[in-house]
Amino acid sequence: MAGEPSVSTPKSGAGSRTLKQRVKTANKRSLSSQKWLERQLNDPYVARAKREGYRSRAAYKLLEIDEKYHILKSGQRVVDLGAAPGGWSQIAARKVGEKGRVVGIDLLPIDPMPGVEFVQLDFLDESAPDKLIEMLGGPADIVMSDMAANTTGHKKTDHLRIMGLAEAAIAFAREIMAPGGVFIAKVFQGGTESQLLADLKRDFATVRHVKPAASRADSSELYVMATGFRGGADRSPLS
Numbered sequence: 001m002a003g004e005p006s007v008s009t010p011k012s013g014a015g016s017r018t019l020k021q022r023v024k025t026a027n028k029r030s031l032s033s034q035k036w037l038e039r040q041l042n043d044p045y046v047a048r049a050k051r052e053g054y055r056s057r058a059a060y061k062l063l064e065i066d067e068k069y070h071i072l073k074s075g076q077r078v079v080d081l082g083a084a085p086g087g088w089s090q091i092a093a094r095k096v097g098e099k100g101r102v103v104g105i106d107l108l109p110i111d112p113m114p115g116v117e118f119v120q121l122d123f124l125d126e127s128a129p130d131k132l133i134e135m136l137g138g139p140a141d142i143v144m145s146d147m148a149a150n151t152t153g154h155k156k157t158d159h160l161r162i163m164g165l166a167e168a169a170i171a172f173a174r175e176i177m178a179p180g181g182v183f184i185a186k187v188f189q190g191g192t193e194s195q196l197l198a199d200l201k202r203d204f205a206t207v208r209h210v211k212p213a214a215s216r217a218d219s220s221e222l223y224v225m226a227t228g229f230r231g232g233a234d235r236s237p238l239s
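Numbering (the working numbering), first residue to last: 1 to 239.
Read the hints as simulated data drawn from the structure, not as lab findings.
Some clues are possibly wrong.
Said to hold, decoys possible - Once the Cα atoms are required to be at most 35 Å apart in a straight line, the calculated DSBU-like pairs of lysine-lysine come out as:
1) K50 <-> K73
2) K50 <-> K155
3) K211 <-> K68
4) K156 <-> K99
5) K201 <-> K68
6) K131 <-> K201
7) K68 <-> K99
8) K201 <-> K211
9) K50 <-> K156
10) K99 <-> K73
11) K68 <-> K131
12) K131 <-> K73
13) K201 <-> K99
14) K201 <-> K156
15) K131 <-> K99
16) K155 <-> K99
17) K211 <-> K50
18) K68 <-> K156
What the hints assert, rightly or not - Label pairs and their calculated CB-CB ranges:
19) A47 <-> R230: 19 to 27 Å
20) G164 <-> H209: 14 to 22 Å
21) R216 <-> E134: 34 to 42 Å
22) E98 <-> E67: 17 to 25 Å
23) K211 <-> G164: 30 to 38 Å
24) H209 <-> A171: 17 to 25 Å
25) Q189 <-> S127: 30 to 38 Å
26) T157 <-> G137: 33 to 41 Å
Cβ coordinates follow ideal geometry from the N, Cα and C atoms, glycine included.
Start from the sequences and build out the full structure, keeping to the hints where you can.
Quick look at the structure:
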């Protein structure tokens, strides 16, 4: 897209005036929240998102995935599961343009955004598939999820929680996706990814793991991307 920033990884070099910021521990601030705040303050993607007008640093993850695999195209219908605060929806809207449609769904309210319709609803609600197909005007070409469950600090528990979310997102995608569609979801490494991949391979032509540069190097975060959906939603937009 003309005028859209590239997603080259921010680097530090000679003459850089970037200063590491430290956060003093307040009496009521836990050590974990202090570390999170320090990481945010020193994260080049957080600063870049503010400069370039993106709602979250996560926008660069989707930008990088799309620059490599070219999954977002003009005129597509896109669903963003767990869309708040809207970073992925923002990228999708710019890529699909005025001919496309983007619908974001989340339990949380989301500030309005040009080119995106948001609905405050649990995607597991039985009304959600028909609702989203109606809003899109037809089956989705892409279903994407950057959802993550609240972490506990226990790696196995956190892994199982996010894998459960990914499995639910896959089941939802099967209900609303058009033939040839694309599915993307966040997962954590932890031992059960192989079953998820096997499940996806039954319905998609190609399945792969992707680790964008904007994903923190010390994180177990990965994205599973499946292309070439072999099924097809049998729903039509409600009249």
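Going through the hints against the structure:
no.: 1; hint: K50 <-> K73; in the structure: holds (25 Å)
no.: 2; hint: K50 <-> K155; in the structure: holds (30 Å)
no.: 3; hint: K211 <-> K68; in the structure: holds (11 Å)
no.: 4; hint: K156 <-> K99; in the structure: violated (43 Å)
no.: 5; hint: K201 <-> K68; in the structure: holds (21 Å)
no.: 6; hint: K131 <-> K201; in the structure: holds (27 Å)
no.: 7; hint: K68 <-> K99; in the structure: holds (23 Å)
no.: 8; hint: K201 <-> K211; in the structure: holds (19 Å)
no.: 9; hint: K50 <-> K156; in the structure: holds (33 Å)
no.: 10; hint: K99 <-> K73; in the structure: holds (10 Å)
no.: 11; hint: K68 <-> K131; in the structure: holds (32 Å)
no.: 12; hint: K131 <-> K73; in the structure: holds (23 Å)
no.: 13; hint: K201 <-> K99; in the structure: holds (30 Å)
no.: 14; hint: K201 <-> K156; in the structure: holds (24 Å)
no.: 15; hint: K131 <-> K99; in the structure: holds (20 Å)
no.: 16; hint: K155 <-> K99; in the structure: violated (42 Å)
no.: 17; hint: K211 <-> K50; in the structure: holds (23 Å)
no.: 18; hint: K68 <-> K156; in the structure: holds (31 Å)
no.: 19; hint: A47 <-> R230: 19 to 27 Å; in the structure: violated (42 Å)
no.: 20; hint: G164 <-> H209: 14 to 22 Å; in the structure: holds (18 Å)
no.: 21; hint: R216 <-> E134: 34 to 42 Å; in the structure: holds (37 Å)
no.: 22; hint: E98 <-> E67: 17 to 25 Å; in the structure: holds (22 Å)
no.: 23; hint: K211 <-> G164: 30 to 38 Å; in the structure: violated (21 Å)
no.: 24; hint: H209 <-> A171: 17 to 25 Å; in the structure: holds (20 Å)
no.: 25; hint: Q189 <-> S127: 30 to 38 Å; in the structure: holds (34 Å)
no.: 26; hint: T157 <-> G137: 33 to 41 Å; in the structure: holds (40 Å)
When each numbered hint is compared with the structure, violations occur for hints 4, 16, 19, 23.
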